[in-house]
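Participant: Given next are the chains, with one letter for each unit.
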Amino acid sequence: MMLRRDFLKTTLAAGAFAGMSAPAFAQTMDRLRMYIPAAPGGGWDQTGRTMEQAMRAAGIVQNFQFENVPGAGGAVGLPRFLGMRGQGDILMVAGMVMVGSLIANKSPVKITDATPIARLTGEYQVVVVPPNSPHRDMRSLAAAVKANPGSVSWAGGSAGGTDHILVGMIGQNLGVEPKAMSYVAFAGGGPAQAALLGGQTTAGVSGWGEFAEQVKAGRLRAIGLSAPTRQAGIDVPTLKEQGIDVELANWRGVFGAPGISAAQRTALTAVVERMANSSQWKDECTKRDWTQILMTGDEFGRYVSAEVARIEGVLKNLGLAT
Amino acid sequence: METLADLATGFSVALTPTNLLFALVGTLLGTAIGVLPGLGPALTIALLLPITYKVDATGAFILFAGIYYGAMYGGSTTSILLNTPGESATIITSLEGNKMAKRGRAGAALATSAIGSFVAGTIGTIGITFVAPLVVELALNFGPAEYFSLMILAFVTVSAVLGNSATRGLASLFFGIWLGLIGIDLQTGQARFTFGLLELLDGINVIVVAVGLFAVGETLWLASRHAHGKDELLPMSGSLWMTREEWKRSWKPWLRGTGLGFSIGALPAGGAEIPTFLSYYIEKKLSTKPEEFGKGAIEGVAGPEAANNASAAGVLVPMLTLGLPTSATAAIMLSAFQSYGINPGPLLFETQATLVWGLIASLYIANVMLLVMNLPMVAVWVKILAIPKPWLYAGIMVFATIGTYGISQSVIDLALLYAVGIAGYFMRRFDFPTAPVIIGMILGPLAEQELRRALTISQGDMTVFLTRPLSASLLALAALALFGPVLWKLANRRG
Chain A
1 MMLRRDFLKT TLAAGAFAGM SAPAFAQTMD RLRMYIPAAP GGGWDQTGRT
51 MEQAMRAAGI VQNFQFENVP GAGGAVGLPR FLGMRGQGDI LMVAGMVMVG
101 SLIANKSPVK ITDATPIARL TGEYQVVVVP PNSPHRDMRS LAAAVKANPG
151 SVSWAGGSAG GTDHILVGMI GQNLGVEPKA MSYVAFAGGG PAQAALLGGQ
201 TTAGVSGWGE FAEQVKAGRL RAIGLSAPTR QAGIDVPTLK EQGIDVELAN
251 WRGVFGAPGI SAAQRTALTA VVERMANSSQ WKDECTKRDW TQILMTGDEF
301 GRYVSAEVAR IEGVLKNLGL AT
Chain B
1 METLADLATG FSVALTPTNL LFALVGTLLG TAIGVLPGLG PALTIALLLP
51 ITYKVDATGA FILFAGIYYG AMYGGSTTSI LLNTPGESAT IITSLEGNKM
101 AKRGRAGAAL ATSAIGSFVA GTIGTIGITF VAPLVVELAL NFGPAEYFSL
151 MILAFVTVSA VLGNSATRGL ASLFFGIWLG LIGIDLQTGQ ARFTFGLLEL
201 LDGINVIVVA VGLFAVGETL WLASRHAHGK DELLPMSGSL WMTREEWKRS
251 WKPWLRGTGL GFSIGALPAG GAEIPTFLSY YIEKKLSTKP EEFGKGAIEG
301 VAGPEAANNA SAAGVLVPML TLGLPTSATA AIMLSAFQSY GINPGPLLFE
351 TQATLVWGLI ASLYIANVML LVMNLPMVAV WVKILAIPKP WLYAGIMVFA
401 TIGTYGISQS VIDLALLYAV GIAGYFMRRF DFPTAPVIIG MILGPLAEQE
451 LRRALTISQG DMTVFLTRPL SASLLALAAL ALFGPVLWKL ANRRG
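Chains A and B are the protein sequences, given in the same order. Here the numbering used here is used: the first residue of the first sequence is 1, the next is one more, and so on. Here the numbering used here is used: the first residue of the second sequence is 1, the next is one more, and so on.
Because the hints were derived from the structure by calculation, they are not lab data. Treat the hints loosely; a few may be bogus.
One-sided and incomplete, this derived list gives chain B residues near chain A with beta-carbon spacing under 7 Å [said to hold, decoys possible]:
#	residue
1	143
2	201
3	202
4	343
5	346
6	453
7	455
8	456
9	459
Residues from chain A that keep clear of chain B, each with C-beta distances beyond 10 Å, as calculated [unchecked claim]:
#	residue
10	194
11	287
12	320
Quick reminder that beta carbons are idealized off the backbone N, C-alpha and C, glycines included.
Please model the complete structure; the sequences and the hints are all you need to start from.
Facilitator: What follows is the structure, given as structure tokens:
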């Protein structure tokens, strides 16, 4: 037993020593643990596994270990991750959905308790209407909302999710009480799509990827994108250019454990940055239709704090947070 | 004929070596668990769900469908030779089948049920091929109001399978509805019945409940009963070749059973039990030798066996086209779809055409495989019944535990599994039916969500259920199903 403990101590010390002596700009690591607060196969899981692929191919990190702790949009997994204080070799994949879920579920922990490393990808939301709808653009739909908010029904994902948040923001921007908007929650983009194709609701909101095929086939009409500017490959006008000053990206990024040292943080940021700039990662993103919106360091930290405040405001207006 | 072209594509998918192998494994496994009393297709598929992480969707569903059809064939063997139904849908088969076996006609009973199953399974699959696309057309016109009315109809018809006591059945149903309501409410984002446990926010997995009730509960029940007495296994007797007279007495019941089974199975909440009971009743009325009923009448085996296989096909129609599971097995298959991120519903035939048509084509293949497997090889299957029961039960418990942990890696789910299992044991002990729990757990929350969606869209106007023609007709059907029998009785009494 003593021998074993001594051995452990020695290796730990050696590890710490290696960590300290490693130059701060080192762009490779021996091992990286990925913590996914969602089920295998979902968006965060895919992001993590694609990172693994890209990092292995580019020779940045060779050893990977994955842990999935699914539940409630990350609200189940985050507290456990926050318990891994000071562990410099672990990254959690999370995003906008977790910000909303933590607020709506009145979670005692905050995403800002983790160490923000980088924002990697994002997907913009799109507003669609059935093809036989009288609304040809956002202005016409906005006028209908202003005239009688209750008469315009919006199909989207679960209450408090990204789709609902966008509808709340649109209402807020139009000077309509967000709670007065008729939001109809479906269990995800698929069932919402079926309801839209049958003309059951006035409009629908989801990530662009979810509706893209039906839009291209002409079975749904896309009238507004939640991007700051027109996006290459997406032939849809933005909400902004139609007088609705709303921007929303369903972003995904990575976070380090709380309480890691500045050196550990720099090392993690360096490997993630190198991966994000590798051709392997860029090719995968194009293949998977992920918009690359890389943001790192303190800028990303400020961005996350701003997102938390902004989304908390919208959820309060929707009556989902106190 | 667009449907035939789709079906041809389906066969090109189903006839690849890998998928043929999945169909073969599925039918073998299905027959085996059908033969074993207490093991059903729902449980088996639930235990196999973790493979959805490794195997592609088409292969997995071909496997599951093979198990489903296979269990329907295998169940009859046990009913005939052991007088213990291997499956709830084969209860009726044991009435006449076991008597035939006692008279030394076990071979003929097994043959008529296998051939009847083949006829019914094939006609039922043809039914899916042509009916399902029609239902899809109709289903696109379904909005929340129509879905809600459909659920009402489902609840009314499901009350027929509640068992002998309506109170017990309703208690089971509402227990299921309550389980289904646990978690975050989709429309408001508020947590319900979670007792502050974060792990319950996403709701309770229906698979955990199904495995708990069907595997753990059922095993505890069978184990507790094992001490009291043994069932008598009759030897195979008589030739498998049916006499000319037996053929003559079998073919009409096969066709009538098929008609009943498929049409009732395809209804929302149809299930397999009602058509088998109805078929038995009709055959008894129509038989030229009613005096043989109760002593081993071949019609009483042929009809219900065809009915239960045809209903297995029928149940797949609402499951694939509306995302509406009407049996425990269909419910488990639905959650398998969801673990692939696929939502069964009217769009399924469009977005997952190769999967759907590959699945349907594989059903034709599975039927042929099953006929070959069950007729000449019946003696092999009977051997399974010789496995010592304690080994079997221990094995099921191990698989249930590993399977559940494999799905979520959650200790909370394991605790839930055993809690539900113990509840399931007491339900069996005190004669509460377990199937309504699963049905309630799935249909209850669906009905609630559709009601609230419909009311959000109509801005709180309740008349929307009556002013939309489709919705109103569905409600009228529900009223007819509910009050029809009572009015019929009253009218008869006066007349």
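Participant: With reference to the structure, classify each hint as holding or not holding.
Facilitator: Outcome of the hint check:
{"no.": "1", "hint": "143", "in the structure": "holds, 4 Å"}
{"no.": "2", "hint": "201", "in the structure": "holds, 4 Å"}
{"no.": "3", "hint": "202", "in the structure": "holds, 5 Å"}
{"no.": "4", "hint": "343", "in the structure": "holds, 4 Å"}
{"no.": "5", "hint": "346", "in the structure": "holds, 6 Å"}
{"no.": "6", "hint": "453", "in the structure": "holds, 5 Å"}
{"no.": "7", "hint": "455", "in the structure": "violated, 10 Å"}
{"no.": "8", "hint": "456", "in the structure": "holds, 5 Å"}
{"no.": "9", "hint": "459", "in the structure": "holds, 5 Å"}
{"no.": "10", "hint": "194", "in the structure": "violated, 5 Å"}
{"no.": "11", "hint": "287", "in the structure": "holds, 18 Å"}
{"no.": "12", "hint": "320", "in the structure": "violated, 5 Å"}
Hint compliance for this structure: hints 7, 10 and 12 are broken, all remaining hints hold.
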